[in-house]
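Student: The lines below spell out each chain.
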Amino acid sequence: MLIIRGVNVFPSQIESVLLEMNETQPHYLLILDRVENLDQLEVWVGVDQHFFSDEIHKLETLSAKIRDSIQSALGLSVRVKLVEPKTIERSEGKARRVIDKCHF
Amino acid sequence: MIIKQLSVFIENESGRLTEVCETLAQADVNISALSVADTAEYGILRMIVSNPVLSAEILAAKGFSVRLTQVIGLIMPDTPGALARALRILSDAGIIIEYLYAFSFQGKKATVVIRTEEPQQAIDALHAQQMELRRASEFYEI
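Line by line, the protein sequences give chains D and B.
Each residue of the first sequence is one higher than the last, beginning at 1 in this note's numbering.
Each residue of the second sequence is one higher than the last, beginning at 1001 in this note's numbering.
No lab work stands behind these hints: they were computed from the structure.
Here the structure is a predicted model, which is why all the values come from computation and not from measurement.
Mixed in with the good hints there might be a few duds.
[Stated by the list, open to error] Straight-line alpha carbon distances no greater than 25 Å define the calculated PhoX-like cross-link-like pairs of lysine-lysine that follow:
no., chain 1, residue 1, chain 2, residue 2
1, D, K86, B, K1062
2, D, K81, B, K1062
3, B, K1004, D, K58
4, D, K86, D, K101
5, D, K58, D, K86
6, B, K1004, B, K1108
7, B, K1109, B, K1004
8, D, K81, D, K101
9, D, K86, D, K65
[Said to hold, decoys possible] Label pairs and their computed distance ranges (CB to CB):
no., chain 1, residue 1, chain 2, residue 2, range
10, B, A1060, D, N22, 16 to 22 Å
11, B, T1039, D, I3, 54 to 60 Å
12, B, S1014, D, K65, 50 to 56 Å
13, D, L38, B, A1128, 26 to 32 Å
14, D, A73, B, S1091, 40 to 46 Å
Positions of the beta carbon are idealized from the N, C-alpha and C atoms, including for glycine.
Construct the complete structure from the given sequences, taking the supplied hints into account.
Tutor: As structure tokens, then:
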């Protein structure tokens, strides 16, 4: 569990949100960072074959939809970043879902 | 008349475009046209290649997210007003262009690659006005 700006966050909650959306696969990575003294959660979502559209407005719409769904599930604002599936897989190899940049 | 365009999702990181190009080079795939749409975090590489289906397969096998999209290739003289005339035909026909990019291919005429949700309607509208279009076979290896 992570505590971000006083909100308890379980990675499984984010996984559920991604699973509920038809467009995405639960390929994600959570990046916890501190920006201007505030904890910030960044959710990296792998853009796989199923939801890759070659039109930017469709990808941006999807990214906003993921962000809004996670925000309403967690009650916490997050940043969503679309990344290549390979980026997530590399991290999964180490069985890590969370990268904490604040508490190394 | 409909050409298969290869689109690849790439993160804005050094070496990504090189990796795609090297992968295609190893498979002996020729790139006739290329455009990159970039955002702050990622880019979409769009290409007209000599073997789109094979290219998509080998890039997917290397872990890239790829997609084949339908585009049309409009041939036009390299003169002022040529693009304006073509776009007028499409806008009068109510066809929305998602994006386009242009290149010079085999000689002095320019080719404009146009992506629209209604490629067949665009082809019909352009043909009705005697506009010339590229055939997919001009790019593909047979």
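Student: Against each hint, give a clear statement of whether it holds in the structure.
Tutor: Going down the list of hints, with the structure as the test:
1. Restraint check for K86 (chain D) and K1062 (chain B): the C-alpha separation of about 9 Å stays at or below 25 Å, so the hint holds.
2. Between K81 (chain D) and K1062 (chain B), the direct Cα distance comes to roughly 21 Å. Compliance with the 25 Å bound is thereby established for this hinted pair.
3. Taking the CA atoms of K1004 (chain B) and K58 (chain D), the gap is near 20 Å; set against the 25 Å cutoff, the hint holds.
4. For the hint pairing K86 (chain D) with K101 (chain D), the CA-to-CA distance comes to about 21 Å; that is within 25 Å, so the pair holds.
5. A threshold of 25 Å between alpha carbons decides the hint, and for K58 (chain D) with K86 (chain D) the separation of about 21 Å falls inside it, so the pair holds.
6. Of the supplied pair hints, the one linking K1004 (chain B) and K1108 (chain B) holds, its CA atoms being roughly 24 Å apart against a limit of 25 Å.
7. Straight-line distance between C-alpha atoms of K1109 (chain B) and K1004 (chain B) comes to about 21 Å, which keeps the hinted pair within the 25 Å bound.
8. In summary, the hint linking K81 (chain D) to K101 (chain D) is supported, as the alpha carbons are separated by about 16 Å, within the 25 Å threshold.
9. As the CA atoms of K86 (chain D) and K65 (chain D) are separated by approximately 22 Å, the hinted pair is consistent with the 25 Å bound.
10. A hinted range of 16 to 22 Å holds for the C-beta pair A1060 (chain B) and N22 (chain D), which are about 21 Å apart.
11. In this structure the hint that T1039 (chain B) and I3 (chain D) lie 54 to 60 Å apart at CB is violated, the actual value being about 31 Å.
12. For S1014 (chain B) paired with K65 (chain D), a C-beta distance near 30 Å fails the hint of 50 to 56 Å.
13. Between L38 (chain D) and A1128 (chain B) the beta carbons are some 59 Å apart, a value that contradicts the proposed interval 26 to 32 Å.
14. The beta-carbon spacing between A73 (chain D) and S1091 (chain B), approximately 43 Å, falls within the hinted interval of 40 to 46 Å.
Hint compliance for this structure: hints 11, 12 and 13 are not met, and every other hint is.
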